[in-house]
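Trainee: Sequence:
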Amino acid sequence: MSEISRVSGIRCCAALRSCFPILTWLPGYNLTWLKMDLIAGLTVGLTAVPQALAYAEVAGLPVQYGLYSAFMGGFIYCIFGTSKDITLGPTAIMSLLCSAYIGGDPVFAVVLTLLCGIIQAGMALLRLGFLLDFISHPVIKGFTCAAAVTIGFGQVKNILGLKEIPQQFFLQVYYTFHKIPEARVGDVILGLCCLFFLVMLMLMKNSLGSSEHEAPLLVRSARRLVWSLATMRNALVVIAATGVAYSAEVTGHHFFSLTGKTAEGLPPFKAPPLSETVANGTVITFSDIAKVSDSGGLAVIPLMGVLESIAIAKAFSSLTNILGSFVSAYPVTGSFGRTAVNSQTGVCSPAGGIVTGVIVLLSLAFLMPLFFYIPKASLAAVIICAVSPMIDFRVPVQLWRVKRLDLLPFLVTFVVSFWEVQYGIVGGVVVSGFMLLHIVARPKVKVSCKCIFYEIALDSGLNFPVTEHLSRLVYKHDLQVSPRRCLVLDCAHVSSIDFTVIHELTELLKQFELRGVSMIFAGLKVEFNINRHV
Numbered sequence: 001m002s003e004i005s006r007v008s009g010i011r012c013c014a015a016l017r018s019c020f021p022i023l024t025w026l027p028g029y030n031l032t033w034l035k036m037d038l039i040a041g042l043t044v045g046l047t048a049v050p051q052a053l054a055y056a057e058v059a060g061l062p063v064q065y066g067l068y069s070a071f072m073g074g075f076i077y078c079i080f081g082t083s084k085d086i087t088l089g090p091t092a093i094m095s096l097l098c099s100a101y102i103g104g105d106p107v108f109a110v111v112l113t114l115l116c117g118i119i120q121a122g123m124a125l126l127r128l129g130f131l132l133d134f135i136s137h138p139v140i141k142g143f144t145c146a147a148a149v150t151i152g153f154g155q156v157k158n159i160l161g162l163k164e165i166p167q168q169f170f171l172q173v174y175y176t177f178h179k180i181p182e183a184r185v186g187d188v189i190l191g192l193c194c195l196f197f198l199v200m201l202m203l204m205k206n207s208l209g210s211s212e213h214e215a216p217l218l219v220r221s222a223r224r225l226v227w228s229l230a231t232m233r234n235a236l237v238v239i240a241a242t243g244v245a246y247s248a249e250v251t252g253h254h255f256f257s258l259t260g261k262t263a264e265g266l267p268p269f270k271a272p273p274l275s276e277t278v279a280n281g282t283v284i285t286f287s288d289i290a291k292v293s294d295s296g297g298l299a300v301i302p303l304m305g306v307l308e309s310i311a312i313a314k315a316f317s318s319l320t321n322i323l324g325s326f327v328s329a330y331p332v333t334g335s336f337g338r339t340a341v342n343s344q345t346g347v348c349s350p351a352g353g354i355v356t357g358v359i360v361l362l363s364l365a366f367l368m369p370l371f372f373y374i375p376k377a378s379l380a381a382v383i384i385c386a387v388s389p390m391i392d393f394r395v396p397v398q399l400w401r402v403k404r405l406d407l408l409p410f411l412v413t414f415v416v417s418f419w420e421v422q423y424g425i426v427g428g429v430v431v432s433g434f435m436l437l438h439i440v441a442r443p444k445v446k447v448s449c450k451c452i453f454y455e456i457a458l459d460s461g462l463n464f465p466v467t468e469h470l471s472r473l474v475y476k477h478d479l480q481v482s483p484r485r486c487l488v489l490d491c492a493h494v495s496s497i498d499f500t501v502i503h504e505l506t507e508l509l510k511q512f513e514l515r516g517v518s519m520i521f522a523g524l525k526v527e528f529n530i531n532r533h534v
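Those letters in the sequence shown? Residues 1 to 534, per full-length UniProt numbering, in order.
Just so you know, these hints were derived from the structure itself, not from any lab.
Warning: the hint list may mix true and false statements.
Derived DSBU-like pairs: lysine-lysine, alpha-carbon spacing no greater than 30 Å straight-line [stated by the list, open to error]:
{"#": "1", "residue 1": "Lys510", "residue 2": "Lys476"}
{"#": "2", "residue 1": "Lys179", "residue 2": "Lys261"}
{"#": "3", "residue 1": "Lys446", "residue 2": "Lys476"}
{"#": "4", "residue 1": "Lys205", "residue 2": "Lys179"}
{"#": "5", "residue 1": "Lys403", "residue 2": "Lys446"}
{"#": "6", "residue 1": "Lys510", "residue 2": "Lys446"}
{"#": "7", "residue 1": "Lys205", "residue 2": "Lys261"}
{"#": "8", "residue 1": "Lys205", "residue 2": "Lys35"}
{"#": "9", "residue 1": "Lys444", "residue 2": "Lys510"}
{"#": "10", "residue 1": "Lys270", "residue 2": "Lys163"}
{"#": "11", "residue 1": "Lys179", "residue 2": "Lys163"}
Estimated spans, in silico, between C-beta atoms of each pair [what the hints assert, rightly or not]:
{"#": "12", "residue 1": "Arg224", "residue 2": "Val397", "range": "31 to 41 Å"}
{"#": "13", "residue 1": "Phe134", "residue 2": "Leu509", "range": "32 to 42 Å"}
{"#": "14", "residue 1": "Leu203", "residue 2": "Glu468", "range": "37 to 47 Å"}
{"#": "15", "residue 1": "Arg484", "residue 2": "Leu128", "range": "46 to 56 Å"}
{"#": "16", "residue 1": "Cys12", "residue 2": "Leu34", "range": "49 to 59 Å"}
{"#": "17", "residue 1": "Glu249", "residue 2": "Cys13", "range": "34 to 44 Å"}
{"#": "18", "residue 1": "Ala271", "residue 2": "Arg223", "range": "47 to 57 Å"}
{"#": "19", "residue 1": "Ile502", "residue 2": "Val397", "range": "43 to 53 Å"}
{"#": "20", "residue 1": "Ser448", "residue 2": "Ala14", "range": "52 to 62 Å"}
Here the structure is a predicted model, which is why all the values come from computation and not from measurement.
The beta-carbon is built from N, C-alpha and C at its ideal position, and this holds for glycine as well.
Take the sequences, apply the hints, and build the full model.
Mentor: Pasting the structure below:
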């Protein structure tokens with residue numbers, strides 16, 4: 001009886017650890033891990049705060065909503081996550097997708113967050129992740145390149161200090177160039193200086209040699225310091241630009257376009273608002289909000305959230321979005337950039353996410369009045385440097401070398417995304433789907449003429465789209481020629497077959513019998529006993 005109890009206890013502990021992975025690493029936590037997690041969490045936090053402020057600008061929301069979205073993921077992933085490196089929070093692409101549907105309305109953003117979390121959770125429960133397998137790599141690359149160009153160019157107006165620029169990309173390009181004479185000198189100089197320092201710090205970080213362990217101790221320490229400063233470059237540049245703008249403002253000189261007034265304090269933890277009353281007294285119901293988002297947002301945003309997430313973070317983005325909607329967050333996903341920073345700074349456990357979350361909460365609690373003085377040009381520089389690595393000019397060349405036809409979905413996605421980002425994804429998936437269906441409907445067939453028979457060799461499955469094509473080949477090479485010969489259908493590479501094909505093969509066999517010749521199936525696998533069915 002004691003043995004049964006012991007086994008039951010072991011199984012119970014294993015089940016608890018499976019549900020709450022924190023129980024796996026927490027008992028072995030030590031001071032060394034704490035030190036490394038503090039350093040990594042602080043570094044990621046100083047990266048996450050300015051990025052969150054900037055990404056809220058991309059989403060068309062007040063900057064505090066970026067911070068509202070940046071802390072919940074760290075706490076959730078610390079308890080339920082299994083990888084020490086993963087960070088969840090707002091990203092450039094998710095912010096761009098949200099901007100098309102929320103129209104700058106925080107209520108719409110929060111409702112969209114809740115709905116995305118529920119849909120992602122439903123996809124996980126129903127195991128619908130396979131749907132993402134139909135989004136090919138050329139489509140993903142075309143989308144990310146177009147999104148990077150859209151986001152980056154969308155910040156040019158803030159670098160130039162321009163106002164009243166439309167959101168639609170082509171109109172944005174036209175009016176940006178049209179209003180260049182209205183550019184503010186202060187914003188231009190500050191924005192270009194921020195870009196220059198961000199690029200220089202990034203190049204300094206990339207130039208640090210990998211043979212650091214061979215250098216003297218003093219050199220290693222200096223390199224480590226430079227690497228740390230370069231990693232926190234976003235925070236350093238934003239702090240310096242804010243100091244410059246604050247100095248100008250207190251002396252009565254309004255040289256820069258500032259972020260402006262922001263809501264102070266932590267977001268209240270409350271149920272997401274399911275309706276909204278606008279200024280004229282009109283009540284926008286939950287169904288109205290859902291209908292606006294259902295124009296594509298509820299299909300594209302959850303899918304892209306899962307797709308953009310690092311594989312191991314997919315299961316947690318849904319939970320983060322659901323709980324995030326209770327603190328006024330907009331949809332989040334796994335962040336590749338901040339995850340890389342987390343890993344490179346030597347994080348030892350998911351507890352680093354708690355430190356990052358605390359940094360964000362402290363910023364909300366005490367620093368919001370100072371965010372008033374953050375120049376928009378500095379945030380624009382942060383965004384441009386963040387999305388520029390997403391533009392990969394090598395992709396078209398690689399596609400051309402490997403398979404030129406793959407350039408078609410890439411170009412369709414890339415071009416259409418400038419019209420509407422979500423339509424670019426849909427267009428690329430449709431083109432890829434047609435290409436895939438063509439391969440299924442027109443498999444490679446090798447026809448050879450022997451002395452007394454024809455041989456037709458198929459290199460893939462026999463499914464219903466191929467039936468007409470197969471029949472035409474049989475009639476062309478055998479039933480409509482003289483003298484008639486037997487036909488050998490080589491099925492050695494056939495891995496699947498369906499009822500429509502069986503029906504068509506039955507009709508073909510009847511035609512062969514009427515003409516006094518035979519059709520032979522060669523290389524059939526045991527599970528496809530065609531003779532028994534026909």
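Trainee: Going back to the hint list, which numbers does this structure go against?
Mentor: 4, 7, 10, 14, 16 and 17
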